[in-house]
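Peer 1: Residues per chain, in single letters:
Number of protein chains: 2
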Amino acid sequence: MYRTNTCGELNASYTEKNVVLSGWVAKIRDKGFVVWIDLRDRYGITQLVFDEERTPKQVLEQARGIGRETVIQVSGTVIERASKNPNMATGDIEVLVQKLVILNEAMLPPFTIEDETDGGDDLRMKYRYLDIRRTPIKNNLVFRHKVTMEVRKYLSGQGFIEVETPYLIKSTPEGARDFLVPSRMNEGQFYALPQSPQTFKQLLMVGGLDKYFQIVKCFRDEDLRADRQPEFTQIDCEMAFVEQEDVLTTFEGLTKHLLKEIKGVEPTDFPRMTYDEAMQRYGNDKPDIRFKMEFGELNAVAQHREFNVFNSAELVVGIAVPGAATFTRKEIDALTDWVKRPQVGAKGMVYVKCNEDGSFKSSVDKFYEQEDLAKWAELTRAEAGDLILVLSGETNKTRAQLSALRMELGERLGLRKPDEFAPLWVVDFPLLELDEETGHYHAMHHPFTSPKPGQLDLLDSDPGAVRANAYDLVLNGNEIGGGSIRIHDKEIQAIMFKHLGFTAEEAKAQFGFLMEAFQYGAPPHGGIAFGLDRLVAILGGQETIRDFIAFPKNNSGRDVMIDAPATIDQDQLDELGLKVR
Amino acid sequence: MYRTNTCGELNASYTEKNVVLSGWVAKIRDKGFVVWIDLRDRYGITQLVFDEERTPKQVLEQARGIGRETVIQVSGTVIERASKNPNMATGDIEVLVQKLVILNEAMLPPFTIEDETDGGDDLRMKYRYLDIRRTPIKNNLVFRHKVTMEVRKYLSGQGFIEVETPYLIKSTPEGARDFLVPSRMNEGQFYALPQSPQTFKQLLMVGGLDKYFQIVKCFRDEDLRADRQPEFTQIDCEMAFVEQEDVLTTFEGLTKHLLKEIKGVEPTDFPRMTYDEAMQRYGNDKPDIRFKMEFGELNAVAQHREFNVFNSAELVVGIAVPGAATFTRKEIDALTDWVKRPQVGAKGMVYVKCNEDGSFKSSVDKFYEQEDLAKWAELTRAEAGDLILVLSGETNKTRAQLSALRMELGERLGLRKPDEFAPLWVVDFPLLELDEETGHYHAMHHPFTSPKPGQLDLLDSDPGAVRANAYDLVLNGNEIGGGSIRIHDKEIQAIMFKHLGFTAEEAKAQFGFLMEAFQYGAPPHGGIAFGLDRLVAILGGQETIRDFIAFPKNNSGRDVMIDAPATIDQDQLDELGLKVR
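Residue numbers (my numbering), protein chains in the order written: chain F, 1 to 581; chain H, 1 to 581.
To be clear, the hints were calculated from the coordinates, so they are not data collected in a lab.
Among the hints, a few may not be true.
Chain copies aren't distinguished; within one or between two, either way the pair holds.
Calculated cross-link-like contacts (lysine to any residue; reagent style SDA-like; alpha-carbon spacing at most 25 Å) [stated by the list, open to error]: (1) Lys-153 with Glu-9; (2) Lys-256 with Pro-271; (3) Lys-452 with Arg-3; (4) Lys-84 with Asn-18; (5) Lys-330 with Glu-356; (6) Lys-138 with Gly-119; (7) Lys-452 with Thr-268; (8) Lys-498 with Asp-563; (9) Lys-138 with Ser-156; (10) Lys-508 with Ser-556; (11) Lys-490 with Arg-68; (12) Lys-153 with Gly-8; (13) Lys-579 with Thr-172; (14) Lys-452 with Glu-105.
In isolation and in its complexed conformation, chain F is listed as follows:
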């Protein structure tokens, strides 16, 4: 037996007890006549003490020679500490060691195993197994486990069953790129790894399993942006015999359960907002509603003067930054530079300071009267002491720019509080999205999303106006889940495929099995999928998903710890009938 207790367990109630502990040497302090070692395991740190009076001489010598991160086992007696540490669970006691066994030596680690480490990202990733020893990362992984357990408990309690769908499936070139898996037994043929279990969960609905979920890995071979992973985890869910309202209610229930069990927060019913409203009020389909700074559209009150920048703009829109009238000219210039960066792309920015005395001072005083600016303040809901920032131009771009500015200011002003949770349903998404490069429309969610009843005819006349039975769950400015009511009628599905530019042959080759299944009695159904990595990060009060994944990949899709991907043996290629170009 390697231990009687863990390093996070002992307190004053164990005084005088003989215990055996095992763990890693986190720290060692040698005061000559006495040596202290902090022994660490998953559960905490316990202070070990060795002294000249009470410890066998050779054990004291052993302790002296020991290096950090050595794995040891000690036997000893729990004693009360002379100077207690109220910040540690085990801070009232220490263990007076009688016997020490070195279980494994350790080389000096490449970075310190402490909450704040000196290791950079690359080093931490290469030695991820050491990084995981650090409390913040370890806690993130334990936290992730708690979240998935609660998800499963809740959904199972609601009658959902978890069904494993296959990983070796078929490539569908539409959408993001698939990872492919050459088949040896079927030479020249390939499996694909699933981008999501979408079609399988729909087939389960056809199969009558009316409440399905699965916590499942999904794969997308995309050029990785920051904080995207080629393999990621979804909480994938589907229900049959449901309308949109049923789905929203069920998964609002799940989210409330998580907030309550994991964070001790009991939110009221989640607000709902249409996509159009979200775009108008926040310039964003995943607004962070923890803070205001809602958009005020100013066309009516800004396009009647000689200021041509505004007069020629499709949209003039502003936000009121609370208490920011005190920003210096230099600070405002810096903000202007920030919105003009290529990543944001604004041409310029107009500001209005709302003075405490009710007067306004703006960068366009030349063009506008105080009464004009008062109207701007009204529309942006600015109060005395606020700073109004105004952008203008093409509607969609301007909204995106102002949304970026709003989020940046929310961050800088500390309004995005990690311990505050503001969930929001965004509903009525457009069915189709115009690809500006090709001029073609493609499915905003996926080709199985159903249009709103009665809008099928619009597909020809005004495709961009068609709204879908599609919804996103937004938490603190992040989309944590998205879903839709699916098409369950094979005729409508065929019309959709046609409008998405599939020939009948292409639709049959790629989704024939689904179309065929729909002939045998498909029930009305719909669902949702949550991005687990992000959900866990946000519940954990952070936004970097990588710290919540045990073994993440870097931005080139590499696992630098195991050094994958890698070249393979020629005979492996030969067996697959493949040649590398």
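Starting from the structure of chain F, add chain H where the hints point.
Peer 2: Frame of chain F; chain H shown alone:
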């Protein structure tokens, strides 16, 4: 709202209630003045009634025209049935329908959706979504969900955390074949899909997460034998600071929990048997101990006469088949033919009938006296009325043959009762296994398994004699789990790699990250992995794993429903820099 209740829910207490149900038309009986429809959903079947007196005329007409598997929604009133069906949960009532909505038409399905279907395996697999509507398959999937929930509840309650390890890892040509995934971003390089998370779970132990589990898909590109799948699911577990006893106790606890919660069975502590003992007593390292027929080794009492077949054999071994003395000559001949089939490979079989009067009648009466046969009966524990069957030849082969015969007879005699559960630990497996073709030893479990203390020296002198800290959990003649205490010392690991024929370079290229990790303080650790597909099947009283997998592949590794694998577009290949030969 599509329904107020499910089709498995209504009983007499709902009488007079108005309800809305949705589901599939399972059966329709038209008696002219009255029409009955059995409406089916996941939860059961409810009888709908339409009659000329009480049902609106057009609704009755609608019901008449309806085909099987049509998806419908009905509104009506729960009424008591005239003739109740005590075999159905809803058998006391029926729903008198007022309104019927056809939610989706259905073509005639290619096989009947009933417990006993007329669909063959191939057809069922092609239309798996219809097969899943059948109660036995649906129940299997729900059952699988229950098992995984209980596994998670139990392990989480014991302090284990579930950690997701990556699916895109690195190929290790040793062992079974990997499925490979070409990398587009790193052209000419490949990921591999994991055969198991073995190295990652060991790294988690190095990382201090001392109790890990994961229910995880694993992949092996093997030529598929019956009832093997290229993707399969493991309950993968690892613990640090443990000895073999700790692992056995923990997972015996898990297995007892499952037997109790899932099957209502409370077994005593699991018996343990060494590998050597299992081979000697049952000729098998995964004996089914639900029934006896233990091996009796007969060399000492069968090699002293003129019967050369036995005299020249390395092993003469028999079993006593209970009550089989009544077998006819024809039946015994058929059994002899059975063991002589190439799949079993025996040269012949000797039998001894133990007559009720205490005399013996054997096929070798020419060579042996009654007193010889009496000794055979003693050693095989045969009683009056039993039939002793004896094989001989090279030890390992003969044991395997007799084991096959024992299992076959257990099956035929109804001794392998599906509702009886007989778990067993088999321990002290050999560390190495001789590959008869190459003459090389390879790891019986895997290269990370630790030898028994003090046996390292034997690696040179008598490699086959080295025993490992390795164990299997056997249930009803199936290995449901296997594991070991791992090597945590980099020197011993290096010795093992050398003995397994790895050069230092090969070991470094394939397992360098693990060897490196072991330098930074690896704790003693060990674990186990359960084959979930098989575990679920056996708990479900069956042995065919395919019926417990939602979307299984066939013996050529094909998913015949979605028709995968498949050829892919040339530009997908181009992007990967690959050519098909």
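Peer 1: Give a verdict on every hint.
Peer 2: A quick look at each hint next to the structure:
Proximity of Lys-153 and Glu-9 under a CA criterion of 25 Å is satisfied inter-copy only: 23 Å between copies versus 28 Å inside one chain copy. Only within a single protomer do Lys-256 and Pro-271 lie at most 25 Å apart by alpha-carbon distance; the minimum there is 13 Å, versus 46 Å between protomers. Taking CA atoms no more than 25 Å apart as the test, Lys-452 paired with Arg-3 passes between copies only; the shortest distance there is 21 Å, against 62 Å inside one copy. In the homo-oligomer, the alpha carbons of Lys-84 and Asn-18 lie at most 25 Å apart inside one protomer (20 Å), although the nearest pairing across protomers, at 69 Å, exceeds that limit.
Proximity of Lys-330 to Glu-356 under the C-alpha cut-off of 25 Å is restricted to the intra-copy arrangement: shortest distance 20 Å within a copy versus 110 Å between copies. Taking the shortest alpha-carbon separations for Lys-138 and Gly-119, only the intra-copy value of 16 Å comes in at or below 25 Å, while the best inter-copy value is 51 Å. In the homo-oligomer, the alpha carbons of Lys-452 and Thr-268 never lie at most 25 Å apart, since the shortest distance is 28 Å inside one protomer and 60 Å across protomers. In this assembly of identical chains, Lys-498 and Asp-563 lie within 25 Å of each other by CA distance solely across copies; the values are 22 Å between and 44 Å within a copy.
For the identical chains of this complex, Lys-138 and Ser-156 are inter-copy neighbours only, at 16 Å across copies versus 27 Å inside a copy, given an alpha-carbon limit of 25 Å. For a Cα distance limit of 25 Å, the shortest separation of Lys-508 from Ser-556 across copies, 23 Å, qualifies, whereas the shortest one inside one copy, 35 Å, does not. Taking the shortest Cα distances, Lys-490 and Arg-68 sit within 25 Å of each other only across copies (18 Å), while inside one copy they are farther apart (65 Å). For the identical chains of this complex, Lys-153 and Gly-8 are inter-copy neighbours only, at 23 Å across copies versus 27 Å inside a copy, given an alpha-carbon limit of 25 Å.
For the identical chains of this complex, Lys-579 and Thr-172 are neighbours both inside a copy (23 Å) and across copies (20 Å), given an alpha-carbon limit of 25 Å. For the identical chains of this complex, Lys-452 and Glu-105 are inter-copy neighbours only, at 21 Å across copies versus 65 Å inside a copy, given an alpha-carbon limit of 25 Å.
The structure shown violates just one earlier hint, number 7.
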